[in-house]
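Using the sequences and the hints, build the whole thing.
Just so you know, the sequences run in chain order A and B.
According to my numbering, the first sequence is numbered sequentially starting from 4.
According to my numbering, the second sequence is numbered sequentially starting from 4.
FYI, nobody ran anything at the bench for these hints, they're computed from the structure.
One should not assume that every hint holds.
What the hints assert, rightly or not - Straight-line C-alpha distance at most 20 Å; calculated SDA-like pairs for lysine to any residue:
1) A/191 <-> B/198
2) A/69 <-> A/37
3) B/109 <-> B/219
4) A/109 <-> A/219
5) A/154 <-> A/108
6) B/154 <-> B/171
7) A/109 <-> A/142
8) B/69 <-> B/33
9) B/191 <-> A/198
10) A/191 <-> A/142
11) A/154 <-> A/213
12) A/191 <-> B/184
13) B/191 <-> B/219
14) A/191 <-> B/199
15) B/154 <-> B/123
16) A/109 <-> A/69
17) B/191 <-> A/184
18) B/191 <-> A/199
Number of protein chains: 2
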Amino acid sequence: MNKLQTNTWQSIYDEVLRRIHAREWPPGQVIPTEVDLTVEFGCARATVNRALQTLADAGVLERRRKFGTRVALHPVSRATVDIPIIRQEVETLGESYGYELLSDDKTINLHWQNDTHNGQFRHLRALHCAGGAPYVLENRWISLETVPSAKDQDFSDQSANEWLLTHIPYTHGDISFSALGASGSDAKTLGCNTGSPLFSIERLTWDHDQPVTAVQLLYAPGYEIRTRIGA
Amino acid sequence: MNKLQTNTWQSIYDEVLRRIHAREWPPGQVIPTEVDLTVEFGCARATVNRALQTLADAGVLERRRKFGTRVALHPVSRATVDIPIIRQEVETLGESYGYELLSDDKTINLHWQNDTHNGQFRHLRALHCAGGAPYVLENRWISLETVPSAKDQDFSDQSANEWLLTHIPYTHGDISFSALGASGSDAKTLGCNTGSPLFSIERLTWDHDQPVTAVQLLYAPGYEIRTRIGA
DNA sequence: GGCGAGAATATGTCTAGACATAATAATTCT
DNA sequence: AGAATTATTATGTCTAGACATATTCTCGCC
Chain A
4 MNKLQTNTWQ SIYDEVLRRI HAREWPPGQV IPTEVDLTVE FGCARATVNR ALQTLADAGV
64 LERRRKFGTR VALHPVSRAT VDIPIIRQEV ETLGESYGYE LLSDDKTINL HWQNDTHNGQ
124 FRHLRALHCA GGAPYVLENR WISLETVPSA KDQDFSDQSA NEWLLTHIPY THGDISFSAL
184 GASGSDAKTL GCNTGSPLFS IERLTWDHDQ PVTAVQLLYA PGYEIRTRIG A
Chain B
4 MNKLQTNTWQ SIYDEVLRRI HAREWPPGQV IPTEVDLTVE FGCARATVNR ALQTLADAGV
64 LERRRKFGTR VALHPVSRAT VDIPIIRQEV ETLGESYGYE LLSDDKTINL HWQNDTHNGQ
124 FRHLRALHCA GGAPYVLENR WISLETVPSA KDQDFSDQSA NEWLLTHIPY THGDISFSAL
184 GASGSDAKTL GCNTGSPLFS IERLTWDHDQ PVTAVQLLYA PGYEIRTRIG A
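In structure tokens form, the structure reads like this:
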């Protein structure tokens, strides 16, 4: 029974992870209870709880009341991706940011998903540039019912991307990443060949039950999202 | 001073988020200290702490010792993406899973990043299928120094993807998502046209300072990653 | 044997208090 | 005035104990 001296939740986190990696606790194994671990590590239960909870959030452990805590059978790589405002993304790269509104259609009827929410939408197309070169094409629909203030907003200087994120809240959203071939008009706008592989982010955001906005972001060829995974 | 009755960290989380959304606490604003909030909500500091900490993890708040807590100036959409074992990904779709090892080269010298880590690697190419159709092409390098047991492992029945994730631990990794055009040979393997837009995931994993494995996953056309964002 | 009520149990969360830590503000010394 | 030291402050974390809650197990009943 080798008690550890440092009783921080981080040290317990590390030790539990070490045992999992060392296969002392193989996948599927039910590990000792929080109380058992408090005895072993000589600390309070809240400390063990925080370590195990964090590991559960990371997908390493699975916890169920009464049953206990076990090592996850199906390891996943859990990556967190930050999607910033495009202007900031460009400026972080050290490039000058440019923005151009391509089209603005104020009274579009959009069928939102499976016809459940349709109504008046404002449709915008805009190009964001980095260092003078096309960076991403924004294809945007804004619900005028949920966001009435978008009706009179001027998007010729500030992008809908930036205005919405800094002014209009949302509770949740669906997001998807995919690879698409550039259409003829997209290729022309982005300055690439028709059919060039483009990285696409599509996002639907909601405020409770109300649709807020839908957007498709088509990034110029060469774009990639980078992030780190841990544990 | 309207005190709330329900003093769970979730309710405080919701209330703080509501005030941010309602612009009672606009971006950049320093919000009351934890102690002030404990007085207002009539609860323990640990409860407020958990609510604010969770919001900080979500990117909504920024916290600094002594300075206090303020509403994030630069809102980001923070998405967590789970990347499972490919076999499970296919089976979750309700499709039958197929696997074929295409090539296996046991003594490759790979220049790992900027020449800092090079050495003996095993190089594998394999095709994962869903419902008989090509699903993803796996291009894999495994460090034989860090993972000596990979030298004699048979990858003709079980993919390196699955074997590594279930047997070899790692401490951290870099991951990137991008869109690439299919090369001639890739197109032939995946059953698509040359130049078709392919979703690509590239991953480098490390065990402390030792490189473990590098992989490029080229998904057949039509693939997309879906996830949700909250807050 | 099947079913429902109740006991047992491990996690989830809250409290009240304490000390640690980082970063700023104030003060003292040169 | 400028540098070094000290105080202040808000967050970060830990403790010990308590109650809540979701599940599972068990036992008695039909």
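Within 20 Å, alpha carbon to alpha carbon, are residue 154 of chain B and residue 123 of chain B? holds (10 Å)
Given the hint that residue 154 of chain B pairs with residue 171 of chain B, test it: the Cα-Cα distance must not exceed 20 Å. holds (13 Å)
Given the hinted pair residue 154 of chain A and residue 108 of chain A, is their Cα-Cα distance within 20 Å? holds (11 Å)
For residue 191 of chain B and residue 184 of chain A, compute the direct alpha-carbon distance and say whether it is at most 20 Å. Judged against 20 Å, a Cα distance of about 18 Å means the pair holds.
Please work out if residue 109 of chain B and residue 219 of chain B have their alpha carbons no farther apart than 20 Å. Roughly 18 Å separates the two Cα atoms, so the pair holds.
Would you mind confirming whether the straight-line C-alpha gap from residue 191 of chain A to residue 142 of chain A stays at or under 20 Å? The given pair, whose Cα atoms are some 15 Å apart, holds under the 20 Å limit.
CA of residue 109 of chain A to CA of residue 219 of chain A, is that 20 Å or under? Distance ~18 Å between residue 109 of chain A and residue 219 of chain A Cα, so the pair holds.
Holds or violated: are the alpha carbons of residue 191 of chain B and residue 199 of chain A at most 20 Å from each other? The hint holds at about 18 Å.
Take a quick look at whether residue 191 of chain A and residue 184 of chain B sit within 20 Å of each other, Cα to Cα. Roughly 18 Å separates the two Cα atoms, so the pair holds.
Can you confirm whether the C-alpha distance between residue 191 of chain B and residue 219 of chain B stays at or below 20 Å? Within the cut-off at roughly 17 Å; holds.
Taken at face value, is the distance from the CA of residue 37 of chain A to the CA of residue 69 of chain A at most 20 Å? Answer holds: residue 69 of chain A to residue 37 of chain A is near 12 Å, not above 20 Å.
For residue 191 of chain B and residue 198 of chain A, compute the direct alpha-carbon distance and say whether it is at most 20 Å. holds (18 Å)
Hint 16 alone, counting from the list given before, is not met by this structure.
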